[in-house]
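Novice: Take a look at the letters that make up each chain.
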Amino acid sequence: MDVVRSASAPARAEGSVRAPWAERLAGAAFVLPGVAWLAIFFLFPLAIIVVVSFGSVDPAGHVTLAQPGLQSYAQATRPEYLPAFANSIRYALITTVLSLAIGYPVAYWISRYGGERKTLLLILVMLPFWTSYLIRTYAWMIILRDNGVLNSVLMAAGLTSDPIPLLNTDFSVVLGMTYGFLPFTILPLYVSIDRLDRHLVEAGRDLYASGSGAFLHVTLPLTMPGIVAASLLTFIPALGDYVTPDLLGGAQTTTIAKIIQVIFTSGRDWPDGSALGFLLMAITMAGTLLALRTLRREVLA
Amino acid sequence: MTGRPSRWLTGFTALLYAFLFAPIVVLIVFSFNTSRRNFVWLGFTLDWYPKLFENQQLLGALAVTLQVAVIAVVGSTILGTLLGLGLARLRFRGAGATETLILLPMVTPEIIMGISLLIFFAQLFSLNGSLGQIAIAHITFCISYVAVTVRARAAGMDPRLEEAARDLGASAFGAFRHVTLPLIAPAVAAGAMLAFALSFDDLVVTAFNAGVGSTTLPIYIYSSIKFGVTPAINAISTIIVAVVSLALFVAWRLGAFRSAKVRLVEEDA
Amino acid sequence: MSRDGERRVEVGGQRARVRPIDFETAVDAYLVQRRWTRRELLERMAALGAVAVLTPIAAACQAAATVLPSSPPTQPPGSQTGLASPTATPAPTPQPTPESELYVYNWDEYIGPDTIAGFQQQYGIQVTYDKFPDEPTQIAKIQSDGKGGGYDVTYPASTWIHSLSSDGVLLKLDQSLIPNLANLAPAWMNPGYDPGNGFSVPNYWWTTGYAWNPDKVPGDLTDWANLWDPSLRGHLAMLDDMREVFAVGAFRLGLSPNTTNPAELDQILALLEQQKPLVRIWTEDDIGDLTSGQVWITHAWSGDWFQMIQDKPNTKYVIPSEGAVRGNDTMVILSGAKHPIAAHLWLNYNLDPQVSANNTNAIGYMGPNLAAQALIDPTIVNDPRLNPPADVQAKLVELGYLAPADLDQYTQRWNTLRA
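Residue numbers (the working numbering), protein chains in the order written: chain A, 5 to 305; chain B, 4 to 272; chain C, -13 to 405.
Please keep in mind that the hints were generated in silico from the structure rather than gathered at the bench.
Be careful, since some hints might not be right.
[To be verified] Taking lysine-lysine and the DSS-like style, the derived pairs with C-alpha atoms no more than 27 Å apart in a straight line are:
1) B:Lys229 - B:Lys54
2) B:Lys229 - C:Lys158
3) B:Lys229 - C:Lys324
4) C:Lys381 - C:Lys302
5) B:Lys229 - C:Lys262
6) C:Lys324 - C:Lys127
7) C:Lys117 - B:Lys229
8) C:Lys133 - C:Lys324
9) C:Lys202 - C:Lys158
10) C:Lys262 - C:Lys324
11) C:Lys262 - C:Lys302
12) C:Lys202 - C:Lys298
13) B:Lys229 - C:Lys127
14) C:Lys117 - C:Lys324
15) B:Lys54 - C:Lys117
16) C:Lys117 - C:Lys127
17) C:Lys158 - C:Lys324
18) C:Lys117 - C:Lys133
19) C:Lys298 - B:Lys229
20) C:Lys302 - B:Lys54
21) C:Lys302 - C:Lys202
22) C:Lys324 - C:Lys298
23) C:Lys127 - C:Lys158
[Unchecked claim] Partial chain A-side listing against chain C, Cβ under 7 Å, derived:
24) Pro83
25) Pro87
26) Ala90
27) Asp150
28) Pro169
29) Ala255
[Claimed, not checked] So the derived list for chain C, only partly shown, Cβ under 10 Å to chain A, looks like this:
30) Leu163
31) Asn247
32) Leu251
Every residue gets a Cβ at the ideal spot worked out from N, C-alpha and C, and that includes glycine.
Put together the whole structure using the sequences plus the hints.
Specialist: Structure follows, in structure tokens:
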């Protein structure tokens, strides 16, 4: 897909007829509408979250900045919220690792052995992504329920007499999240692997006298940028994933995203919710900055 | 160069594809199930499909979703294409910062975007959710995807092509219109399709910006799942899968996924 | 033309001075007194000549105006806050003519199958019956213009009456138009959420207990304490409803489910935290989760249990001995109702014993109608779980209104529990 397959921009030829200042003006003019939109409807609201997080709620239920302070952050960092934070991080980490472990071999296969059908195979990987995330998560509910497909098969095969509780558990949440994020993982991995110079791999095979040696010492290090990009593209959205833990999880799998949603929809304590939201953003920010640097190289270059 | 792949690797890959498609197959199969509540196969029926068309709430939600999607696609495609072009073809100060700005929405958790827009509209404008509000939110998160897609294609385009057109006497705008635009058109189309898919499917950001009368299809499906699942949801899902697959197939045939490399044909000396 | 658009009319040689609006109202008053429809009026005019018919009307215009509830399209009914104006004429209060339409806004599958048709037949009023999928949609809709969002009648939970009436969304009821109020059981004559039923009429009521699958959970369960049994770990569902869950804790500790005392709330929270490891889901679909086998036992509303036994007949339900919540919803008329008479008739109609019994028999929720009890399906009315005897009812508690600051106390602890 065009998003990740791109040649590096060729150098500008000499004798370019466009004057630099006109070019800069044109560039700014092109870019201005989009930037303005994002500034108003993306950056500014994010800034508002931060501002609101320093406020409080008056008796009438409105947010007020009369006494700005860190009380919302004190609320947000209560030890009672720790399990939810732990869940969010745990699920995101496991999902990322699993996705990488599963996605890498597949990306490798498509790149190396896909031949003429590469594009088709990639489209097939992306197809589930294009159909609704919500619907696919729901499909897993059907499969994993106590009286669902999987349990019915297991019981019919005589492997178990009682249904195994699969839904509403850590297992179902991680499974659903991994499933949902696999395309996000496979694509950057594929791009990185596809760029590999085959000759290097062959040379490695000669040097290390084994396929696995070549893999460990040549392929893996050279595709590391892709691995990093894939991890970040998976980990960061996974941290904030609301839908999967909500539908496939239960009372014991609450995540921070769910808590934020509960606060904003049933309570009036928006400062508290904003503080939690900001904390979630802060946790992802470090990873985001890292992701941006890698993404700019891998996706935009 | 292409040696024989190990059987394990091939098997693993095949298994993965099965894993990716199994839930969707299950979904489709059970849309024909007679049982109302349980997901044990009881019998075959086509009844759930005609019932969909009698469901006023569902049809209303679909209408809202489509309206929002159209607005989102138009808005984000225009803004995103301009962004992508500007970044790829033209050099200006702040290009780096702009690139960062584009990528930020792609890595911001949806729940954060949802609540930020909720607070923005509610606190500053006392708005309680509406179709327009949803559309604005959708444009906001779709711009990035269009911009990235167009930028990639535009950057891969040989700049000498445009220069050649200029040399041949075309104006700057004419060169743009007759050379650049057609060349990036597939990327614009792909970006637009991507924006459509994202908008059509969005739940979290939409839920925070929806009001009475602006329920979208994902919100409707989500409530139905929470409050009592029936195979009717499977039926809607199957239709959505079919429509999206068809759209993707058409796009593929039209060449939307073809490589971005376009080279100037070298003349013989 | 003179002041107020007063016009001189010449009717059959006789002159009269009428004001346009008064003329219409006078015609209506005239019709009502004789219990004619407008069509009959025209027929008589044709038969007897206009003068004979119109003269009394012209004369009536001279008399003090009677503010009539049944208003023609020219007069916006929303401007009226009451129906029988206190400045009514000394003439006997007439039976008002209902409008020809009615807009009702209700849950899906929440009424007897023949109720709408029966009403339409009896009164000749066309009913437009819209449904909402959930409470937030309903409340948002009726609050959207502050007057009911275009509807005449809707069915809010009793906990909403306080805020809706003080926000002016509800029409004060003219109880003279709802004689069937007399059918209410004494317990419903003066409910805490709406003294004297000034703004609402009770619709269905229910208890919140718990239901279980006896195949998986043998034995006779009678208390809330049973829900803390460690053997239920991973097989229990509690309702995703803050007030209801806290009420369970309150009942176990002998506290009021409406407490606002922070220390008491902390005690309740501590008790609920002990239960939390046993909970598999905070459910919004108690019916589905139990009948599909996802859980063995669930916190549930009595009406939902009635639906569970349609799918799984041996499902059990109990109103726990420590006490339980009695909830109810209501029928109200919105302040912006364009068909207020018809709306009152609708409320009255649903309080008719047979209609009320039909509703209950279809949905499984008990109504507040004492006279209807004889007509309700014996399996419902004799079931102490759906229709508890007086001594059990005495231990039922309504969830009362909480001021926002008090509600925040609950919300904070609820968030803590959920995390």
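Novice: Please go over all the hints and tell whether each is borne out by the structure.
Specialist: Quick rundown of the hints versus the structure:
1. Between lysine 229 of chain B and lysine 54 of chain B, the direct Cα distance comes to roughly 20 Å. Compliance with the 27 Å bound is thereby established for this hinted pair.
2. Distance hint between lysine 229 of chain B and lysine 158 of chain C is unfulfilled; the C-alpha atoms sit about 36 Å from each other, more than 27 Å.
3. Restraint check for lysine 229 of chain B and lysine 324 of chain C: the C-alpha separation of about 35 Å exceeds 27 Å, so the hint is violated.
4. The straight-line distance between the Cα atoms of lysine 381 of chain C and lysine 302 of chain C is roughly 21 Å, inside the 27 Å bound, and the hint therefore holds.
5. Between lysine 229 of chain B and lysine 262 of chain C the alpha-carbon distance is near 20 Å, which keeps this suggested pair within the 27 Å criterion.
6. Distance restraint check for lysine 324 of chain C and lysine 127 of chain C: the Cα-Cα separation of roughly 16 Å lies within the 27 Å cut-off, and the hinted pair is therefore satisfied.
7. Restraint check: the Cα-Cα separation between lysine 117 of chain C and lysine 229 of chain B comes to about 18 Å, which is no more than 27 Å; the hinted pair holds.
8. A threshold of 27 Å between alpha carbons decides the hint, and for lysine 133 of chain C with lysine 324 of chain C the separation of about 11 Å falls inside it, so the pair holds.
9. With a C-alpha separation of about 50 Å, the suggested pairing of lysine 202 of chain C with lysine 158 of chain C is violated against the 27 Å cut-off.
10. This hinted pair does not check out: lysine 262 of chain C and lysine 324 of chain C have alpha carbons roughly 49 Å apart, beyond 27 Å.
11. Restraint check: the Cα-Cα separation between lysine 262 of chain C and lysine 302 of chain C comes to about 23 Å, which is no more than 27 Å; the hinted pair holds.
12. A C-alpha spacing of about 13 Å is found between lysine 202 of chain C and lysine 298 of chain C, which places the hinted pair at or below 27 Å, so the restraint holds.
13. With a C-alpha separation of about 22 Å, the suggested pairing of lysine 229 of chain B with lysine 127 of chain C holds against the 27 Å cut-off.
14. Between lysine 117 of chain C and lysine 324 of chain C the alpha-carbon distance is near 19 Å, which keeps this suggested pair within the 27 Å criterion.
15. A threshold of 27 Å between alpha carbons decides the hint, and for lysine 54 of chain B with lysine 117 of chain C the separation of about 17 Å falls inside it, so the pair holds.
16. Between lysine 117 of chain C and lysine 127 of chain C, the direct Cα distance comes to roughly 11 Å. Compliance with the 27 Å bound is thereby established for this hinted pair.
17. Note on lysine 158 of chain C and lysine 324 of chain C: the hinted pairing holds, with a Cα-Cα distance of about 14 Å set against a maximum of 27 Å.
18. Only pairs whose Cα atoms come within 27 Å are accepted, and lysine 117 of chain C paired with lysine 133 of chain C is accepted, the gap being roughly 18 Å.
19. Simply put, lysine 298 of chain C and lysine 229 of chain B have alpha-carbon atoms about 21 Å apart, close enough for the 27 Å limit, and the pair holds.
20. For the hint linking lysine 302 of chain C to lysine 54 of chain B, the alpha-carbon distance of about 33 Å lies beyond 27 Å, and the restraint is violated.
21. The suggested pairing of lysine 302 of chain C with lysine 202 of chain C holds, with an alpha-carbon distance near 11 Å, which does not exceed 27 Å.
22. A hinted pair counts as satisfied when its Cα atoms are at most 27 Å apart, and lysine 324 of chain C with lysine 298 of chain C does not qualify at roughly 44 Å.
23. Proximity of lysine 127 of chain C to lysine 158 of chain C is assessed by CA-CA distance (about 19 Å); at most 27 Å being required, the pair is judged to hold.
24. The interface hint given for proline 83 of chain A is broken, as the beta carbon of that residue sits about 10 Å from the closest beta carbon of chain C, more than 7 Å.
25. At about 6 Å, the closest approach between the beta carbon of proline 87 of chain A and any beta carbon in chain C falls short of 7 Å, and the interface hint on this residue holds.
26. Nearest Cβ of chain C to the Cβ of alanine 90 of chain A: about 10 Å, over the 7 Å cut. The hint is violated.
27. Because the smallest distance between the Cβ of aspartate 150 of chain A and any Cβ of chain C comes to about 5 Å, under 7 Å, the interface hint for this residue holds.
28. Because the closest C-beta pair between proline 169 of chain A and chain C is about 6 Å apart, less than 7 Å, the hint holds.
29. The interface hint given for alanine 255 of chain A is met, as the beta carbon of that residue sits about 4 Å from the closest beta carbon of chain C, less than 7 Å.
30. Taken as an interface hint, leucine 163 of chain C does not check out: its beta carbon lies about 36 Å from the nearest beta carbon of chain A, beyond 10 Å.
31. Nearest Cβ of chain A to the Cβ of asparagine 247 of chain C: about 18 Å, over the 10 Å cut. The hint is violated.
32. Taken as an interface hint, leucine 251 of chain C does not check out: its beta carbon lies about 14 Å from the nearest beta carbon of chain A, beyond 10 Å.
Taken one by one, the earlier hints fail for this structure at numbers 2, 3, 9, 10, 20, 22, 24, 26, 30, 31 and 32, listed in ascending order.
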